[in-house]
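The primary structure of each chain is shown beneath.
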Amino acid sequence: MSGTFVGMPVFPPPTHPAFPPPTHPAFPAAARNAVRDTTLRGNLRHATHTIRAKRANAVAEVSDWAELREAGKRIKDHTLRHLDRHLEQLEESVTAAGGTVHWAVDADEANRIVTELVKATGESEVVKVKSMATQETGLNEALEAEGIAAYETDLAELIVQLGEDRPSHILVPAIHRNRGEIREIFAREMSEWGRPAPEGLTDAPAELAEAARLHLREKFLRAKVGVSGANFMVAETGTLVVVESEGNGRMCLTLPETLISVVGIEKTVPTWRDLEVFLQTLPRSSTAERMNPYTSMWTGTTDEDGPRNFHLVLLDNGRTDALSDEVGRQALRCIRCSACLNVCPVYERAGGHAYGSVYPGPIGAILSPQLRGTGSEIDASLPYASSLCGACYEVCPVAIDIPEVLVHLRERVAQGGEVTRNGNKVVLKPAKGHAAERAAMRAARWAFARPGALRTGQRLASRTRRLHPRTLPGPGRAWSGTRDLPPVPAEPFRDWWQRTQGGKGAAK
Amino acid sequence: MRVALFLTCVNDTLYPDTGRAVVKLLTRLGVGVDFPMAQTCCGQAHYNTGYRHEAEPLARHFSDVFEDYEAIVTPSGSCGAMVRELYPRMGERARAEGRGDTLAATLAPVVPKTYELTEFLVDVLGVTDVGAYYPHTVTYHPTCHGLRGLGLGDRPRRLLEAVKGLELVELPGAEECCGFGGTFALKNSDVSAAMGADKVRNAESTGAEVLCAADNSCLMHIGGTMTRLRTGMRPVHIAEILASTEEEPAA
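Protein chains in written order, with the numbering used here: chain L, 1 to 508; chain W, 509 to 759.
Heads up, some of the hints might be wrong.
Here are the simulated DSS-like pairs of lysine-lysine, each with C-alpha atoms no more than 27 angstroms apart in a straight line [claimed, not checked]: (1) L:Lys504 / W:Lys621; (2) L:Lys54 / L:Lys73; (3) W:Lys695 / L:Lys432; (4) W:Lys695 / L:Lys429; (5) L:Lys119 / L:Lys224.
Honestly, the hints are just simulated from the structure, not real lab data.
Kindly produce the complete structure, drawing on both the sequences and the hints.
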């Protein structure tokens with residue numbers, strides 16, 4: 001029989017955030033290394049441009065894409081507005097179907113719940129379906145500390161795990177690796193974890209996939225506990241949905257005796273019917289497929305079919321804090337498709353690791369500083385990791401206006417203000433390191449509010465123009481290290497206009 | 509029609525030729541242009557860097573200066589998008605902060621009257637052939653705020669295609685950002701420079717003499733990269749191409 005832990009238990013705020021390396025360098029410094037890594041630049045350029053073009057084609061063939069996008073946005077907004085109600089309904093439905101629901105206020109609590117559930121089975125290993133939520137909580141590391149081995153079974157996650165690497169993309173965590181690198185990782189590491197790679201393995205994609213298949217097959221057949229996330233949770237029926245391409249997820253969802261799913265609370269949709277929208281927009285936006293090869297759906301437990309025990313761990317970890325922000329809450333619509341990463345010119349040059357989070361790219365730049373707060377160097381720098389070109393907003397299948405949220409978060413970093421952290425209203429001070437910028441912005445505002453002052457400055461610049469260097473010292477090198485300065489004209493436009501009465505005078 | 513030229517602070521200070529080109533072009537098309545001397549800056553850099561409250565007085569000043577004109581024309585996609593997209597948003601935010609409708613009401617009149625230059629030519633004046641002559645090979649870079657913010661679409665292209673003597677060549681990866689992004693160019697200078705270098709290499713691959721855009725701030729970044737990389741290309745604002753004629757060709 002199953003039981004339910006009702007309500008959101010109150011725990012003291014976490015002493016350390018489980019999902020960030022809190023000492024990660026700020027984005028510009030982290031990106032600098034990636035920009036200079038020509039192999040990485042080549043790998044990312046090739047991969048993102050390929051999928052970018054495919055996505056564009058897959059979306060172009062849907063005549064009502066704009067309507068689907070709008071519907072997805074509205075379903076998510078409506079659900080988020082009444083999230084409390086939908087979550088309680090979800091809990092009832094899952095419980096009625098034979099599952100057990102647990103509530104985790106933060107990453108530590110989620111990890112503790114999962115660890116205890118695994119220990120209760122007496123097992124010391126689990127197989128994992130690709131899951132962002134458990135990446136976010138750092139579950140693998142938490143399980144390892146308790147002597148439980150967690151095996152990633154998604155091909156790309158396997159590459160990352162075997163390479164003792166970090167994921168750099170939401171959908172394609174090993175996007176920064178090329179075939180040669182993957183071959184080397186398999187040949188070197190597989191024997192440490194289980195079945196070794198076949199002798200004479202080459203970098204042919206089919207051979208690499210076969211090596212992974214053989215290596216993983218013995219894990220699937222042996223495992224008694226599976227751990228997953230979910231793309232969607234249907235409140236009315238208690239059904240969870242995992243969308244994937246490989247079928248490895250389905251192995252983990254069906255073969256083990258116990259299934260534990262850790263899912264962010266924002267993955268809820270009210271009704272089965274809502275899936276109709278997202279199952280069209282998600283595959284086309286992420287893998288550029290009309291329909292993904294494997295869509296697994298399960299509702300609690302069923303006798304003699306699939307896992308005997310099902311546990312759902314509902315994860316908050318900063319989500320209700322984000323929900324309280326009128327501008328920022330739209331980030332919770334995200335269905336983790338990665339279209340914004342693939343189209344982002346900054347992601348393409350900086351790579352996923354520079355974002356210091358399991359959520360890289362444009363969505364990560366607005367999600368991480370909301371889930372984790374803007375206290376750390378990396379989180380305070382993420383809102384600026386964008387040229388605001390708007391390509392991310394254009395491709396987002398749930399119409400998250402990422403540039404709008406980026407600017408909103410810049411304001412929070414530069415100016416401070418009231419935010420919600422751990423459920424409490426707090427007033428943030430402006431982040432350190434913005435004093436000079438703040439003074440410059442104030443001075444510019446002062447001058448721009450006075451046309452005379454602007455004119456004085458322009459004339460000064462024009463009269464001294466022969467003295468201007470082509471490159472700047474100190475902080476000015478940020479511009480002139482790679483770009484020449486424009487020459488200052490002999491006179492600003494307004495002086496010409498006045499002198500010639502708008503070009504009517506003889507002088508030109 | 510009482511048309512005001514909103515030149516932008518960057519053009520006024522650094523690119524007066526673009527301003528003169530807009531005046532010449534619009535005058536040739538029979539439009540009387542005024543340049544209100546009190547104009548300064550729309551506040552875009554403040555707003556986008558996170559200083560919305562510093563941008564508000566500049567937006568109010570903009571409205572004071574321009575509200576009586578029938579049309580406000582600007583040769584900048586991003587400053588045009590600031591007024592059209594972000595002024596209404598500033599009003600909404602002020603309302604959401606409990607500061608009432610005053611800001612929204614102050615800014616509302618200038619929003620629908622503000623046009624980016626190519627929009628004004630194609631949509632308001634209804635012309636695509638402006639009688640220009642420019643005997644050069646040109647590639648066109650659609651800047652982000654013009655392309656995705658204002659939705660300029662093929663207006664600039666249609667104007668360029670009608671220019672006599674001009675050969676328009678396709679820019680690979682045209683819709684990708686050049687990497688300027690205002691203060692982004694300074695705060696993330698390595699990524700910005702990498703994007704700029706890729707843009708310039710794509711432009712060079714076309715064999716064009718000129719890279720044309722409708723925003724001088726992007727062209728400042730692209731042009732500065734072009735000279736640093738010692739390419740033979742030069743950046744030219746679309747207004748200067750459209751103003752050029754056989755009698756008075758642009759340099």
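*Is the hinted pair lysine 504 of chain L and lysine 621 of chain W satisfied, with a Cα-Cα distance of at most 27 angstroms?*
holds (26 angstroms)
*Does the structure keep lysine 119 of chain L and lysine 224 of chain L at a Cα separation of 27 angstroms or less?*
holds (12 angstroms)
*Under the criterion that the straight-line Cα-Cα distance not exceed 27 angstroms, is the pair lysine 695 of chain W, lysine 429 of chain L satisfied?*
holds (21 angstroms)
*Given the hinted pair lysine 695 of chain W and lysine 432 of chain L, is their alpha-carbon gap at most 27 angstroms?*
Given that 27 angstroms is the threshold and the Cα spacing comes to 15 angstroms, the pair holds.
_So if I understand the rule, the pair passes when the alpha-carbon distance is 27 angstroms or less; does lysine 54 of chain L with lysine 73 of chain L pass?_
holds (23 angstroms)
Every hint from the earlier list agrees with this structure, and none is contradicted.
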